[in-house]
Structure formats: C-alpha cells, structure tokens
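Trainee: One letter stands for each residue in the lines below.
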Amino acid sequence: MKKDASYTIKEDKRRKIIKTVILLVFAFLFLLIATIAWFVMNRKDALDGMSVVVRDDTPYELRVKGTTVENSTLFSSVFGDVFTNGVQLEDDEGQPVNVYQTDNTHASIFWRNTPSNSYPDGLEPSAHGALKFFVVPNSDGVLNAHFQLSIKAYKAVRDQQTGEVTDLTEITSSSADADAVKALNYLKGHILFFRDYSNGYYSGFLGLDSIDFNDYIVGNDKSVEAGEEYPVTIYWIWVNAFVDMTLDSNYSEAETPLFADDNTTDRSAMVAFIAPSSGNKVFDSMTDADITTRLNRLDHNDIAALTIGYDNADLMIGNNVDYIMFELDAGA
Amino acid sequence: MKKISKDKADNKSRIAAMFGHLSLVHKIELIVALVVSVGAVIGIPVYAWFAYQRQLAELQMIKTPDLLYLTAANAEAVINLKMSGINVSATKKVGGQDVPITSKMYPFCVAGDYVSTFTLQLAHTSNNPFKYKIYEGTVYTDPNDAASAGSGEYVEYTVTGNFAPGLDVSNLDVVTNSQVIYIVKGNEVPGRYLNMNENDHRTATTRYLEECYGNEDGNYLNYTDYELALYWQSSGILSVPDPTNHGDTFFKTFIIEVSWDNTDATNEKYKKETDIVYLMAFTGA
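Protein chains in written order, with the working numbering: chain Z, 8 to 339; chain Y, 5 to 289.
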C-alpha cells in the first residue's frame, strides 16, 4: 500500500511537470505569435526601414509601373511613414526602370500612373480611370490571393497664409462633421469599381466585395509561375448621373449608360446596390422609403426626383471632401 | 428527445462537478491552458494574414464644384451687373403728366450645368427704406413683344458679348450680337426673410448678430439698426424645367426690383444713404 502511494505521488509529480512544460510551450508559442503578429501588423507604422526580418516566404509581391505618383508631394509628406515608392527594378543593363514592387520592408507602396490618367484639377463626376498592378508569385502553383479595395476620404488642412495643403484629416464614420460623414458614404455609392471596360461599357461590377485574384487568371487551370507578372486592372468611374447606372439606352432619360443594353446581370446588381435596403447611400435629402418607392416605380417624375437627390449627393462630396485615397489591401 | 437533454444536463453537471473538485492551482492552470489554446487558434490565421499583407494606394484630389455662376443678364460677366442710378425723386411722363418713379429693376442670371436645383440668397443693409423683390425674367429682343407679354413691365439691357468667365455658352440661347434686350418681369420668386423685424418690416432682428459681429465682451453695441444685414432666401429653384435634363447648360434670368414709397422721397437723409446688397446662388438644398 505504501509503495503504491509513493508511486502515485511520483506519477503525479511527473504529470505535473509534463503539464507545466506543455503549458510553458503553449505560452511561449502564444507570445511568439502575438509578438510577431504585432510587429508585422505595425510594420507599416513603425518599422518601415528597420531591419526586422519577419518571414521570407511571402506568397507574392505587388508590382506597379508608371512614371507618375498622383499628388506625390502631398502623399509623401502625409503618408510617407507608411507608404514608399517600394523597390525600384532595373533592366538587364542595371539601369533603373519605372517599375516598382513591394517586399517585406516595403509592404505599402504608391500606385503609379501614366500622366494621361491623372486629374490635375481634381476629380469630378464623370471622372474615371484604371487602377493597374501586377501580382508576382513567389512559387509555382495555384495562388490564393484576395484584394480589398476601399476609398478613404480626407479634408485638407491648409496653411492660413499660403493656402497650401499641409496635412490631411481622415473623415471617418465617427467624424463630428455630419455633412462630411454623409459625403464619405455617398463617395462609396458614387465611385464604382468594375472588372472590365470595353467599347464604352463597363462590366463585372465589383461592388464592395473583395476581389479574387484567380478571376483574373484565364483558363480552368489557375496555376501561376514564380517570378512571372500577372496583371490586374480595376476600372473605376465616378458616375455622373444615376440614370446611367440603372437605365438602358431605350430610356430617353439615359445619358451614357454604364452597361451595354444586353448586360442585365450588372444592371440588376446595380439596382440592388443603390437601393436603400443594401445599406448604401446614394441619394441626398431623401428618405429611404421615398427612394425605394421611386426606384421601384421609376416613372419620369421619379427619375427627376432621384436625379436631384443624386446630384445633391455629388455636391455634398465636392463641398466636403478634399482628397480621396484608393487603397488596395492584398492578403491571402 | 427528453433523454438527450437529460444526458446533456448530466454532462454539464459532471463537467461542473469536475471543475468544482479541482484545486485553485488546477483551476488556474486549466483556464490558462484554455486561453492559450484559443489564442493560438485565433493568432495563427491573423498572423498569416498580416504576414502576407501588401498595400497599394493612390491619392486623388476632389474638385470643388464650380458649376454655378451668378452673372449679369444674358449670362454675361457679373461685372456688368450694376445696381446704381436710383433717383427717388425722378418722374416719368404718363399721359402728359409727371408721375413719380417708385421702382427700378436690374436683371441678373444664374447659370451653370449639372445643377438640378439651387438656392438664391439676398442680403442687404437697410439704410434706405427700400423694398427688394426678386422676380423671374423672360428675355425678348423686340420691345413691342416685351410690352405685350406678361406684366408688360420690362427692363432693358445692352448686350456686351462679355460672357461669364468659365461658362460654356455654346449651347445657351444667349444673344451674341450687340443689341438691346428686354427682360419682362414675371412671377415673384417665392422666398422669405430670415431675420426681418416684424414691427417695422425694415430692420433686422438680433437673430444673426453673433454670427455677424462675434461675441466680444458679450455686447454688440457697435452697430446701428440699419447696418445689420437682412437675409432673404429661396431654395429649391429648378435650374431646368425638367431635372432629368440636368446635364444641359442653363441660364435662368431674374430681375431684382428695388422700390420705394415716394412720399418719403423728400427726406434728404435718405437720398444720400448707401446700401450694400449681396446676391448669392449656391447649389443644393
């Protein structure tokens, strides 16, 4: 009996030690993961330029091409701690070219354009363009990548004497300026993203969902090759008139419809997108009930009323927002 | 069904009993182990996401809308809008008799494109006991047509061809050759004063005193009654008759009429006074 008791005690001790070791291992793992996650998470804020090596097996890098960074001086001065040019590539002779890409220490980089895409006087309704980049996989095979495109809005802080913009203040849903918050919402309903643009018509409305890289890879076999570049182009337009979103060319009120007449898929997606039930804000100074009734009936008077609401929302944007940022977050 | 729920209840109570029987140290160990496991489960995917994360961004300026223009008649540069030459003791011949003139009209326009509705505002001081009213105006090129149209009251304007800078008049029905146009007074634009004193219908109430003069030392003694501006506005004016044609460039003609009571006209003081009149048009409600 005594023997048995001492055996039990020994067994208990061993169990305790094993338990403690397991616990320690778990705690260590947890701390490690939390710390690395924190570092990686904050890299864009605090660790840019520091030599913290996180991981080397990033599945892909993003590449951009072009001579121009829109509003580059202001962009660098306000967001330079987060965004950089990235790594500039060289040609075969070692000469730098206008091609830049991300790496572990340049996770956030400026988009680049050709001058013809820029709006030096600022965007206004009917402004449109393309956001182009390339995905460069680090390994062969099927690449799982998703991109989330978002629009951020800013108010300019100006120098009182010179009127020059010295800083930007982001407008968020909790900003104190009610009109600015409205404008932010209208922006998301008025500047739209599409996968394709051809013959004057858009198609493949992207809504506010994330974008699947594999949709841009032609063919059933979605496998990609390491080191190759795979282009992704997202077309955007600040729609000038609400009728262009919903009406086909058979309506006399239509101006320049976004979609070809036979593209009913995108047109009905758009009708759902602008309806108040979607939660999106598109029309100013109108109740949700009024908008819904009019969108369903859509007679000439309704089109007139909705046009006024849409135009006023555009003006709300123009009068309350000074800068916007197209931001693309790329993840797995 | 009953049996299953009973089993569940039994399990629950068994787990509770087991937990209850553990020593405090064991309880702490168990809770820590659970937290660590959950942390690992959540942490790994989060870590994976952030480790891959790459960002691209483009900064674009938004143009401040400048789609609305306040212009002189015929969509001409606003420098041609002059509100002068009021003579309160002037007369005109009607049927061979001298009749006092008691009003003067000045034409102006609001022009632009992609504006469905706009708000028209008038602000003025009240040194002179004038009445200001804004009417819609219709343009005629023949004085006889103007005289027989609507009210028959019209104001003449000599076209300069100097159009409002920045305004594209190529699609507007403006008069391009130098000639006189006749603008007939139409319906009064429905609007209202926001701060008119109801007792004298001339001076301003203290409603916008603080906005105008600030609140220095809590008193506003440094003004006279007649220099406080009166504010009038009319909102929701349709730019084009059918808002679905909102893309059309438009110009809408108005007349501002200044009128006076000629029985006051002999008052020397009021002949010499100056008033400041502001006209403003802005988009939206």
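Simulated from the structure, these hints should not be mistaken for laboratory data. Treat the hints with care, since some could be wrong.
[What the hints assert, rightly or not] Quick list of simulated restraints, FRET-style, between CB atoms:
1. Y:Thr68 / Z:Ser79: 56 to 64 Å
2. Y:Thr68 / Z:Asp174: 14 to 22 Å
3. Y:Thr162 / Z:Ser79: 18 to 26 Å
4. Z:Phe35 / Y:His30: 38 to 46 Å
5. Y:Val45 / Z:Asn257: 53 to 61 Å
6. Z:Ser217 / Y:Leu28: 45 to 53 Å
7. Y:Val45 / Z:Ser275: 38 to 46 Å
[Unchecked claim] To spell it out: a stretch of chain Y is covered by chain Z in this simulated footprint if at least three of its residues, at any positions, have a beta carbon under 8 Å from a beta carbon of chain Z; those stretches are:
8. 87–94
9. 119–130
10. 150–157
11. 178–192
Even glycine gets a Cβ: it sits at the ideal position worked out from N, Cα and C.
Trainee: Against each hint, give a clear statement of whether it holds in the structure.
Mentor: Consistency of the hints with the structure:
no. : hint                           : verdict
1   : Y:Thr68 / Z:Ser79: 56 to 64 Å  : violated (21 Å)
2   : Y:Thr68 / Z:Asp174: 14 to 22 Å : holds (18 Å)
3   : Y:Thr162 / Z:Ser79: 18 to 26 Å : violated (50 Å)
4   : Z:Phe35 / Y:His30: 38 to 46 Å  : violated (21 Å)
5   : Y:Val45 / Z:Asn257: 53 to 61 Å : holds (55 Å)
6   : Z:Ser217 / Y:Leu28: 45 to 53 Å : holds (47 Å)
7   : Y:Val45 / Z:Ser275: 38 to 46 Å : holds (40 Å)
8   : 87–94                          : violated (count 0)
9   : 119–130                        : holds (count 3)
10  : 150–157                        : violated (count 0)
11  : 178–192                        : violated (count 0)
Going down the numbered hints, you'll see the structure goes against 1, 3, 4, 8, 10, 11, while the others check out.
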